[in-house]
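For this one, chain U is given, so just place chains P and L on it according to the hints.
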Amino acid sequence: MTDTESAVALDLAGLQALVDLLAAEGYTVLGPTVRAGAVVPGRVTTVDDLPRGWGDTQEPGSYRLRRRDDEALFGYAADAISWKSVLFPSRELMWSGTRTADGFSITAGEGSGGLGDPPYAILGIRACDLHAVAIHDRVLQERAHPDVHYAARRKDAFLVTVSCSDPSGTCFCVSMGTGPRAESGFDLALTELLGDEHTFLARAGSERGRAVLDRLGSRPAAEGDVVAADEVVERSTRRMGRTMDTTDIRTLLYDNADHPRWDDVASRCLSCGNCTMVCPTCFCTSAEDHTSLAGDTAEHWRVWDSCFTSDFSYLHGGSVRSSTKSRYRQWMTHKLASWIDQFGTSGCVGCGRCLTWCPVGIDITEEVAAIRADPRPTAEPGGGG
Amino acid sequence: MPVDVADPATAAADALLPRPFRVVANRRETSDTVTLELEPLDGDGLAFAAGQFTMLQAFGVGEVPISISGDPARPGLLVHTVRDVGGVTRALCAAEVGDVLGVRGPYGRGWGVSDARGGDVVVVAGGIGLAPLRAAVLEVVRARSGFGRVHVLYGARTEDDLLFGRDLEEWATEPDTEVAVIVDRAATSWPGRVGLVTELVRAAAFDAPRTLALVCGPEVMMRFVGAELTARGVPASQVRLSLERNMRCGVGLCGHCQLREYLLCVDGPVLSLDAVRPQLGIREL
Amino acid sequence: MRSLQELLAEHPFFAGLDEDTVGMLVGCASNVHYRPGEYLFRQGDPADRFFVVRRGRVALDVHGPGRTEMVVDTVDEGGVVGWSWLVPPYRWFFDARATQEVSAVAVDASCLRDKCDQDPALGYALMQRVTGVMYERLQSARIRLLDLYGADRAG
Numbered sequence: 006m007t008d009t010e011s012a013v014a015l016d017l018a019g020l021q022a023l024v025d026l027l028a029a030e031g032y033t034v035l036g037p038t039v040r041a042g043a044v045v046p047g048r049v050t051t052v053d054d055l056p057r058g059w060g061d062t063q064e065p066g067s068y069r070l071r072r073r074d075d076e077a078l079f080g081y082a083a084d085a086i087s088w089k090s091v092l093f094p095s096r097e098l099m100w101s102g103t104r105t106a107d108g109f110s111i112t113a114g115e116g117s118g119g120l121g122d123p124p125y126a127i128l129g130i131r132a133c134d135l136h137a138v139a140i141h142d143r144v145l146q147e148r149a150h151p152d153v154h155y156a157a158r159r160k161d162a163f164l165v166t167v168s169c170s171d172p173s174g175t176c177f178c179v180s181m182g183t184g185p186r187a188e189s190g191f192d193l194a195l196t197e198l199l200g201d202e203h204t205f206l207a208r209a210g211s212e213r214g215r216a217v218l219d220r221l222g223s224r225p226a227a228e229g230d231v232v233a234a235d236e237v238v239e240r241s242t243r244r245m246g247r248t249m250d251t252t253d254i255r256t257l258l259y260d261n262a263d264h265p266r267w268d269d270v271a272s273r274c275l276s277c278g279n280c281t282m283v284c285p286t287c288f289c290t291s292a293e294d295h296t297s298l299a300g301d302t303a304e305h306w307r308v309w310d311s312c313f314t315s316d317f318s319y320l321h322g323g324s325v326r327s328s329t330k331s332r333y334r335q336w337m338t339h340k341l342a343s344w345i346d347q348f349g350t351s352g353c354v355g356c357g358r359c360l361t362w363c364p365v366g367i368d369i370t371e372e373v374a375a376i377r378a379d380p381r382p383t384a385e386p387g388g389g390g
Numbered sequence: 147m148p149v150d151v152a153d154p155a156t157a158a159a160d161a162l163l164p165r166p167f168r169v170v171a172n173r174r175e176t177s178d179t180v181t182l183e184l185e186p187l188d189g190d191g192l193a194f195a196a197g198q199f200t201m202l203q204a205f206g207v208g209e210v211p212i213s214i215s216g217d218p219a220r221p222g223l224l225v226h227t228v229r230d231v232g233g234v235t236r237a238l239c240a241a242e243v244g245d246v247l248g249v250r251g252p253y254g255r256g257w258g259v260s261d262a263r264g265g266d267v268v269v270v271a272g273g274i275g276l277a278p279l280r281a282a283v284l285e286v287v288r289a290r291s292g293f294g295r296v297h298v299l300y301g302a303r304t305e306d307d308l309l310f311g312r313d314l315e316e317w318a319t320e321p322d323t324e325v326a327v328i329v330d331r332a333a334t335s336w337p338g339r340v341g342l343v344t345e346l347v348r349a350a351a352f353d354a355p356r357t358l359a360l361v362c363g364p365e366v367m368m369r370f371v372g373a374e375l376t377a378r379g380v381p382a383s384q385v386r387l388s389l390e391r392n393m394r395c396g397v398g399l400c401g402h403c404q405l406r407e408y409l410l411c412v413d414g415p416v417l418s419l420d421a422v423r424p425q426l427g428i429r430e431l
Numbered sequence: 054m055r056s057l058q059e060l061l062a063e064h065p066f067f068a069g070l071d072e073d074t075v076g077m078l079v080g081c082a083s084n085v086h087y088r089p090g091e092y093l094f095r096q097g098d099p100a101d102r103f104f105v106v107r108r109g110r111v112a113l114d115v116h117g118p119g120r121t122e123m124v125v126d127t128v129d130e131g132g133v134v135g136w137s138w139l140v141p142p143y144r145w146f147f148d149a150r151a152t153q154e155v156s157a158v159a160v161d162a163s164c165l166r167d168k169c170d171q172d173p174a175l176g177y178a179l180m181q182r183v184t185g186v187m188y189e190r191l192q193s194a195r196i197r198l199l200d201l202y203g204a205d206r207a208g
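Protein chains in written order, with this note's numbering: chain U, 6 to 390; chain P, 147 to 431; chain L, 54 to 208.
Worth flagging that the hints you see were computed from the coordinates, not collected in a lab.
Check each hint, because a few of them may be wrong.
Computed from the model, here is a short list of chain P residues facing chain U with C-beta under 8 Å [to be verified]:
| # | residue |
| --- | --- |
| 1 | Asp160 |
| 2 | Leu163 |
| 3 | Phe205 |
| 4 | Gly208 |
| 5 | Leu389 |
| 6 | Glu390 |
| 7 | Leu426 |
Stretch by stretch, here's where chain L covers chain P in the computed footprint (C-beta under 8 Å, at least three residues) [unchecked claim]:
| # | region |
| --- | --- |
| 8 | 191–197 |
| 9 | 249–262 |
| 10 | 336–343 |
| 11 | 403–409 |
Nothing here was measured: the structure is a model prediction, and the numbers come from that model.
All C-beta atoms in this analysis are idealised placements derived from N, C-alpha and C, irrespective of residue type, glycine included.
Isolated chain U, as found in the complex (with noise of 0.2 Å):
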């Protein structure tokens, strides 16, 4: 836990201090800002990139930004492309190599980068997504066999995140615990104020962020911006756009895997895999051998990849989940309830990005409910209990 004592207080000028800090120390600074017509991630170097007087109306298969009446530069709700990409990129080159007379020689691929070069610093995290890289923590590092690219890019990262206040219809982090406030996770949490002055609360969470709040000299926080600032995340709790019952739903979950509410969804589903790219969570990949035409040099990649496509599941002439159901019921089951056994803690941060991103507008809070509410286990259980 944060202590008030040491929250302070940063206008505009502290804001733009900070990115220029930022950049000086050799970080590539990222934030969110506008383009085509969506808040998404891009480079920083004045508050000026930031999305002010923007924000958004989102509901399942719906995004639109929409103009503030006044100058909030984190104004709308979530990001509608999650800072995956940043530490997690879509394409990495695992290793190259070349044929020799002995056989073959390789060498590991570097890491890389979409939007420049790492360290990273990303200005306005949500909560959500600070979640999110927690979970991809545990998932690409704290394993038998980590990925080392991931662990490089995420130690240097430097996490400022921003508390929500003004979430939209899709919003869920209540619910799963992980927002509108950070906790932990972070290097500074701001929340920003909008009262006779444009201002923002800082607070640090490791001691690098300590280091860089003292070097900004900013004005420490009066008693009336912490309380402005608590009002602003207990507005944001109160307003949340969806909930979810997160009450034994592993068992749930397994139990209910013949449960005709899979066939409902099926018929709805496109299985486009929109939602496993918007996610802040999913981390399949598949893998590509690139050679060149003589066969002498050849590159392996890792890529993205989603289990809504047909031959993720591929094995002996056919698919193991050939149906849109199957793959339906895969992905929900995996993120709300087998991530649990795997990994100990749900594999879904509450953002809300899959309802949004979802063409026909499927809400898995509402799937969820409807199995909650009218279960249908199978005869022999689903060894969930």
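Just chains P and L now, with coordinates in the frame of chain U:
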């Protein structure tokens, strides 16, 4: 960047790079299956446990998970029995003596053969499933007196699809060891049994409560064999299956090999029947 | 030399039948032996008896040109060969060939059908046992039809 083994970061990156192994033998087993014998270029053998697999790579073509079919007591020689079922396995089957393949591994949880000590061992193989079980049988035979009755029960498509003929003959000469073979159908010159491998289980005499059963073959076959074994009184916790799903990384990161909560490359491929029976009963899981 | 009564009583197919019932069957039964290569019956022949195998192995063959000449099933000791005697037109579907020295008890079909007509309880008891054999054979055949060990090529 060059691999510097002294630096942990690069050493970790190195762990996922394929090691070069030279093909020293390519023996044809059946019309679509060969056994490759490989030796590492760098001299260090590949110590493994029976039931583990490697990600075997044909340079520039791709890599696939292949069970190790060799003798765990001889880590200097890596043996893989490969069936031609697609682009990568076709390239592997076509590898010639002197060719160099890439190897990552060994990966996975093996049979745990030593858990059978003091009791009977029933090995039930279907088709290419005999490959990972060969390593287990070799381990048992090497310490034969530590185990009770041993049954190697093997079902194949036809007599032309039988693997490891010489091994089967040798194992049959071991004390208190039954080797029984059955095929789905045969030419009229075949003097042996025709039918399903479950019939061999039914006909075998073993002390069910003190038996460790190791089963590998098509999943449907393993379900029926598992049912046959438990009907005989072998506890489901003492029936071990080697399961298979699509694998892209072999190290628990790509997410493909999930059987609900299990990642087969890490939690398996060997899992006990009581741990997976619910999952195997769910269609398209 | 053991009696037919004893041989029938100890065979798994007749397990659970009382002594009198087995005694009734003895009247329809005879001891038979076949050398390797000899046929118990041929496809198309009248199905006038069935065999309980005491020792050896019987192969069920289909005959036809080239590859279609094959063994579709084998029956070892403890097993039963033939149920076409139960179903009109009472003709054998396959060849049955001894692949080893075979000792069996042959049970005459029309003798047995008559006894079953007169004694439905006997008929029911036999029907249960034959159904059990058919059940196992059908399962075995269906699963082998899946050709589980067959090659599945990737695209």
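Right, here's what the structure says about each hint:
{"no.": "1", "hint": "Asp160", "result": "7 Å, holds"}
{"no.": "2", "hint": "Leu163", "result": "5 Å, holds"}
{"no.": "3", "hint": "Phe205", "result": "5 Å, holds"}
{"no.": "4", "hint": "Gly208", "result": "5 Å, holds"}
{"no.": "5", "hint": "Leu389", "result": "11 Å, violated"}
{"no.": "6", "hint": "Glu390", "result": "7 Å, holds"}
{"no.": "7", "hint": "Leu426", "result": "11 Å, violated"}
{"no.": "8", "hint": "191–197", "result": "violated (count 0)"}
{"no.": "9", "hint": "249–262", "result": "violated (count 0)"}
{"no.": "10", "hint": "336–343", "result": "holds (count 7)"}
{"no.": "11", "hint": "403–409", "result": "violated (count 0)"}
Hint compliance for this structure: hints 5, 7, 8, 9 and 11 are broken, all remaining hints hold.
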